[in-house]
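Residue strings, one per chain:
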Amino acid sequence: MAATKSQGKDLTLFMAGLTAVCAGIAFSSSGAGKVALVLGAVGVAVALWGFFKIKPLEGKTGGGAQPAVMKLIGVAVVLLGWLTVLFGLHLTASVGGRMMTSIIGLAISLAGIFFVLAPAVSKHAVWKA
Amino acid sequence: MRLARIATWTCALAVVLLAGATVARADAAPSASAGELKGALAAAPTTSTLANGDPGGTLTGTVNDVPVGDAKAGLTLGDVGNQVGQNKIAINFVWTLVTGFLVMFMQAGFAMVEAGLCRVKNANHTYMMNFFVYACGLFAYWIIGFAIQMGGAAGNGNLGGLQSLNTEHMLTLFGTHWGIFGECGMFLARSTYDVGVMVIFLFEMVFMDTALTIVTGAAAERWKFLAFAVSSVLMGAFTYPLYGNWAWGGGWLSQLGVNMGLGKGYCDFAGSGVVHAVGGMTALAVAMIVGPRIGKFNRDGSSNAIIGHDISAVLIGCFILAFGWFGFNPGSTLGASAAGNLRIGSIAVDTMLAGCTGTFGALLYMWAMKGKPDASMSGNGLLAGLVAITAPSGFVSTSGAAIIGFVAGVLVCFSVVFVENFLKVDDPVGAISVHGTCGLWGVLSVGLFADGTSNYGGSWNGVTGSVTGLFYGDASQLVAQIVGIATLVGFVFTFSFVLNWILDIILGQRVSIETEVAGLDLPEMGQLGYPEFIFRAEPDFIQAADRAAVAVA
Chain V
1 MAATKSQGKD LTLFMAGLTA VCAGIAFSSS GAGKVALVLG AVGVAVALWG
51 FFKIKPLEGK TGGGAQPAVM KLIGVAVVLL GWLTVLFGLH LTASVGGRMM
101 TSIIGLAISL AGIFFVLAPA VSKHAVWKA
Chain H
1 MRLARIATWT CALAVVLLAG ATVARADAAP SASAGELKGA LAAAPTTSTL
51 ANGDPGGTLT GTVNDVPVGD AKAGLTLGDV GNQVGQNKIA INFVWTLVTG
101 FLVMFMQAGF AMVEAGLCRV KNANHTYMMN FFVYACGLFA YWIIGFAIQM
151 GGAAGNGNLG GLQSLNTEHM LTLFGTHWGI FGECGMFLAR STYDVGVMVI
201 FLFEMVFMDT ALTIVTGAAA ERWKFLAFAV SSVLMGAFTY PLYGNWAWGG
251 GWLSQLGVNM GLGKGYCDFA GSGVVHAVGG MTALAVAMIV GPRIGKFNRD
301 GSSNAIIGHD ISAVLIGCFI LAFGWFGFNP GSTLGASAAG NLRIGSIAVD
351 TMLAGCTGTF GALLYMWAMK GKPDASMSGN GLLAGLVAIT APSGFVSTSG
401 AAIIGFVAGV LVCFSVVFVE NFLKVDDPVG AISVHGTCGL WGVLSVGLFA
451 DGTSNYGGSW NGVTGSVTGL FYGDASQLVA QIVGIATLVG FVFTFSFVLN
501 WILDIILGQR VSIETEVAGL DLPEMGQLGY PEFIFRAEPD FIQAADRAAV
551 AVA
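Quick note, the sequences are listed as chains V and H, same order.
Numbered per my numbering, the first sequence spans residues 1 to 129.
Numbered per my numbering, the second sequence spans residues 1 to 553.
The set of hints was computed from the structure by calculation and includes no laboratory data.
Don't take each hint at face value.
To be verified - Covered stretches of chain V, going by a simulated chain H footprint (3 or more residues, C-beta under 8 Å): (1) 13 to 24; (2) 32 to 45; (3) 117 to 127.
Positions of the beta carbon are idealized from the N, C-alpha and C atoms, including for glycine.
From just these sequences and the hints, can you work out the full model?
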């Protein structure tokens, strides 16, 4: 499909909507701010729907569809590593102990990327076909 | 007896006279200074003297140039003090703005490096991504990103206090308060319509845009322009500012020292983590989602080298980036006139040294291991050294900087191979390795090499003392740095991955096979990068892969 007028119009609406949402948040204490927030959110939603509607026109891509469950598991493992680091800081007050829990948490996160997410995103890669 | 009485009265008289003299001297002190001011005014060159010109520069800039608050009272010490204070802030404003302008110019360097490392059929598209990302990021940062990152960053004395940036959203966990995001500064309106806030906005904005432009390199040659635009806006609005707040805006990472006794908290002087690793982690997430270019990997998993079209653009771009880095690192003092800020010379030398040794590391590795001093990897080595020294540049000696840069230069070569051959992630310009891997190394190196000699006003992140790493006696600083790295890998990567995955579901991140095979210039941008040139056909393996992909489509 490549770039089209529809894409340009939807991007314009998305930017206008996002701007209005932010203006609404910035001036949320006023009535006009609340109106801007609602109108902006509607604008962003319509723009996203527009993006979604024209997406199939792009045709087949060289990326291939990858298993969502495996990707979700990968994301969960990476997050788990980070949470391990955060809670590990409260398990002990010693520098050595905190260093250990931090390294373990970091290793879990890296393992999630290297051994779960990376294989997940290339499981049905076009180059394997 | 009489003698004793006389002596007593004499002593009493002496004490009274002495006290009187002291009081008189105290009274006389201000009048003496006022007298000096009057003397200086009388000695200052008159307008008729100045009308003859001042070729030696000895007459221009005198006491006459100090603004007088009250014309009746004339020049007072208060006027002089105010002028001294304003001079300090003015020096810092100019310093921060000019270094910010240098960082802005780095966008040109990124554009040349990325486009040069891509094929000619995608030159216009790659240049345009680097061009438009500036607007996307700036706008997103103005409407909300800056508020999230710096909305609670009041207290910087270098820029006049920034007192209007005074609202940080806090979360109370385990009895301690942690900053999560700032809340004021959207649209730079209301109280943030302030001269100091404008300076910090400009400086932080160009840093944010540097992070955004890293991603375009990793996803080049197959990223749909629409997806790139939306993804970049959201990164400038949320992803970057969140981590930026945690590290630089008074957020929880910077409070690790105050709240948990971990060194001086997470320390990232100019952004190996905040800018480069955030960009690198997001680049990894986006590159994973868009997938490799057609022809990059063979069916057996082996990879092909897809050569860029303009090595001269790459190397000139690297030099532009190295030049801009003199704004990036020394500018991060946010001033040239305050306690510790004279360290800018040391920071600049550390920066150039690490770039130098990074070049040596990559060039020598490639030459020794692969047989040729590879140009693109040498350029990446320079950038790797610069990326790595960005966080520690304010805290390390020149020897430390040289080691950090050299390690980064070698590391980037290993990382490129690892990302390509182990992860099977296609990164046309090596952005994940240069900015992600070496950004993380830079963050870690603060916890190792910080030598405890920097003293920016006596404290850092609210903790008294200088930043000191493991090799100089403080292991707890290393823990704070590892927590920062874990946050980059565990949170920033995950956040970027999920965000871009959602975008992939809604609007599709990748162009069609036909568009990719034809090159993105015409289908996506409507114009070739070099319309008057005839180009040589692509290598056989690419043509075969293209034919196979089109057949599948």
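Now the hints, each set against the structure:
A count of 6 residues in the region 13 to 24 of chain V with a Cβ less than 8 Å from any Cβ of chain H is obtained; the coverage claim is therefore met, three being the minimum. As drawn, the region 32 to 45 of chain V meets chain H at 0 residues by the rule of a beta-carbon pair under 8 Å; below three, the given contact is violated. Requiring three or more residues with a Cβ within less than 8 Å of a Cβ of chain H, the coverage given for the region 117 to 127 of chain V holds, as 7 such residues are present.
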